[in-house]
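*Asks:* We have chain A; now place chain B onto it with these hints.
This is what each chain is made of:
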Amino acid sequence: MPLSTSSSESRVTAIRTRDLPGEIPWTRVAVVAAILAIITIGWREWSLRESGSGPALALQPGLWAWQRNLVRKAEPDSTVVVGSSRISFGFDQDEWVRCGGGPRPFMLAWPAICPRPQLHDFATDESFHGTLLVGVTPGFFFCSSANSIPMRVQQFVALARHWGPADDIEQRCRFLLEPRFSILLNGETSLLTWLRYRLDLPQRAGQLPAFRDSRFFWIDEHCRGRLIEGFEKRPEEIQVVCNWLQTWLATQTLYPPGNLDLIVQEVVADVQKIRARGGRVIFVRFPSTGWYRDDERVQQPRVAYWDRLIRETGCLGIHFEDYPELSGFDCPENSHLTQPDAIKFTRRLYAIVASQSKRGKHD
Amino acid sequence: MLFNSLTFVLFIAIVIGVFSLRFPWRMRKTFLLLASYAFYAAWNPPFVILLWISTVVDWLVARRMHRVQQPGRRRFLLWVSLAVNLGMLGFFKYGQFLLASFSELVAMAGIVYVPPELGIILPIGISFYTFQTLSYTIDVYLRRADPEESFLDFALFVTFFPQLVAGPIVRPHQLIPQFKQPVVATRNQLFWGLFLLTIGLFEKVVLADAALSAISNTVFNSPQPVASLDAWAAMLAFSGQIFFDFAGYSLCAIGVAMSLGFSLPDNFRCPYAASGFSDFWSRWHISLSGWLRDYLYIPLGGNRQGRARTQLNLILTMLLGGLWHGAAWRFVVWGGTHGAYLVIERWLRQIFPREIPGTSAAVKIPVTLATFLAVSLTWVLFRAETFSDAVDFYIALVGMHQQPVLWLETFDFLLCGVVVAGMLSVQWWMRDRRFEDVVARCPWWAIAVFWSALLILIVLARGESSAFIYFQF
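Here the protein sequences line up with chains A and B, keeping their order.
One rule links them: number in the numbering used here = place in the first sequence (from 1) + 2.
One rule links them: number in the numbering used here = place in the second sequence (from 1) + 796.
Bound-form chain A, shown alone (with noise of 0.2 Å):
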């Protein structure tokens, strides 16, 4: 919009103070704008909470990137949990150091993105020597660097590896903020996309199918997710999720496949770096049920790529179909475990390495 100066009038003469828009009476503007304001964000948080939207956590880099330096002052022989939203639902941190575990492993795995950059990310940090429990979902795991969705981790990486006090700050805001107020929630809270779905307009002919998106889990400040509790009894919005974990394999299967080849060769090379200076790294392979399965076994079967991914990286592989006390969970949307599974499912994992361990085949 035009304002009252420019920058190109004059070489020489100093600039004009800019116009004020005559007398108004800016005081009582600003005090009912205030109050305008207030009132209609306190409705729309009092709606949102009444609607079963309590304030939580918004899922945003952030909050990983602060997690991740949290890493970085840490020991260095640390355990750390990165990889997609099974392992994150799925690994209960006080259970692990219940079952004596050491201390609270630190929780960087993250919904939908590729834990690759994350391995690499470890593998190229000197000081790191500890154990990296990384979590395979094949879908995520294996996708192509082209992917931008799951690769956008990268950029979650960069921004921890150049965060500043700017970021610390806001951040800690966000941890103050977050928790107590509804409207700071990203995601289908937002007016554009309540708007999107209160409107539902037809789609075009041929289109994908649209994302619907629902707030099925929660992040707490350690980076740990859950499924919001109950949620295994709620069929109609089990189904939502459904939905839109089928709308998200339809669109994946637009990106080009992953090249398993170099793949593989990337992690082995992360692998041995994180080994070379006394690193651990253990794969770990979440159940999945019912469709989501079955279509993991057509996309990635297991022999051509998690068998060879354990066979090449000679890392300790924990696969949940391998293990009669793994199997039998039940995941309400085919994808991620419950809370009570995700402590009964870290308890036998941890008896599981534990007794790898001893053996010392993989260290």
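It is worth saying that the hints were derived from the structure and are not from the lab.
Since we're looking at a predicted model, the values are computed, not measured.
Glycine is no exception: its CB is placed at the ideal position from the N, C-alpha and C atoms.
Incorrect hints may have been included.
[What the hints assert, rightly or not] Covered stretches of chain B, as calculated for chain A (at least 3 residues, CB under 8 Å):
no.: 1; region: 798 to 810
no.: 2; region: 823 to 831
no.: 3; region: 980 to 987
no.: 4; region: 1011 to 1021
no.: 5; region: 1168 to 1175
no.: 6; region: 1190 to 1203
no.: 7; region: 1206 to 1218
[Said to hold, decoys possible] Residues of chain B clear of chain A, computed beta-carbon distances all greater than 10 Å:
no.: 8; residue: 817
no.: 9; residue: 860
no.: 10; residue: 888
no.: 11; residue: 1007
no.: 12; residue: 1255
*Replies:* Coordinates of chain B only, in the frame set by chain A:
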């Protein structure tokens, strides 16, 4: 520190509060300088050193240059300043690009050279403050201005936080004189500044990020060829996004400065209401186009050395303007395309001297829409990640992809249409009006309702992305 962050809310509250205290003027200016360094260091503390180098070198060079009479020594001093400033800019912004280009060049001769990955971090705002300090040294060299007496005022000119990282690029005569007299923002200035800040944030947070960025990102990041309609929507969405993002930042900067009692120049004046490309560049990123005109185009000879030389000067200026935006050949091509537009426009002006720019709406409206369309087509080079992506996108625009993917929902088209049409309509209506006059004619309660609506939408309609596009330049 981003204007659209909680940290900035805290920061600006403290700065306005402390700066308005009735301490001696020198102390208040020193506080403002320290706050500006804190603002910059909050992103990456070590890079404040670059600001200090730039400040000290240009301060010393300009003073020495003023005292020296011999042209040769003056020229040497100018080269010192250019070497330091452009050297830092070149290393941090263009180092990797130059190595990669060299590698491609020698590859043509069959020589394999793999450049090292330097891992250089681009210091935020370096292109902006480099141009700002260069204008000072060049003005002193050309004896258009005297060197500044006060180091504090000069340092504050280089570092003034509202416009430090993404402009407007301010000339010495526009800002330094404002540091000479004690400044206390009046109540009107404070509220008007906050009002402008709110509009700027609305443009950035709601229109650029929440409404338009998802549309352009979805289509531009598509792994498969996209449908023509999706490509058009994404291109128009990005045209709106880049305007709201950058104009929003500039307005925030103007508003923040105003709330402290300082005046910054306009950087945008309804650019999409421009009828013609020279008109566009007098409305888009005004402080950069003015800088390029005064320190590049005119020294090259401007339009005083014949038609062919004028055209060459235009092309050269725009090529360098393109390179200023980013270290990639697609930015150079973007600049070259705008240079070509300007040359073609000059040529058309000679053929149709009366019609362009026409005085009637019947001529102006189609010319304005054609200008918008031509400018939007060049934004594809800005947004695409690579040249081949841009070529693919142009192919999508003409609908020549087989079995394209339909990404966008009906709601996306509706949203994009409403926002872009609204943007064009408002800019057309505001084309020859001043915002201050429009606000002055509104009843106070209407301003209050408008302001509250902006605040509500900023809080309730936030988008996912947050960084300003122009920060990468």
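*Asks:* Go through the numbered hints given earlier and state which of them the structure violates, listing their numbers in rising order.
*Replies:* 2, 5, 11, 12
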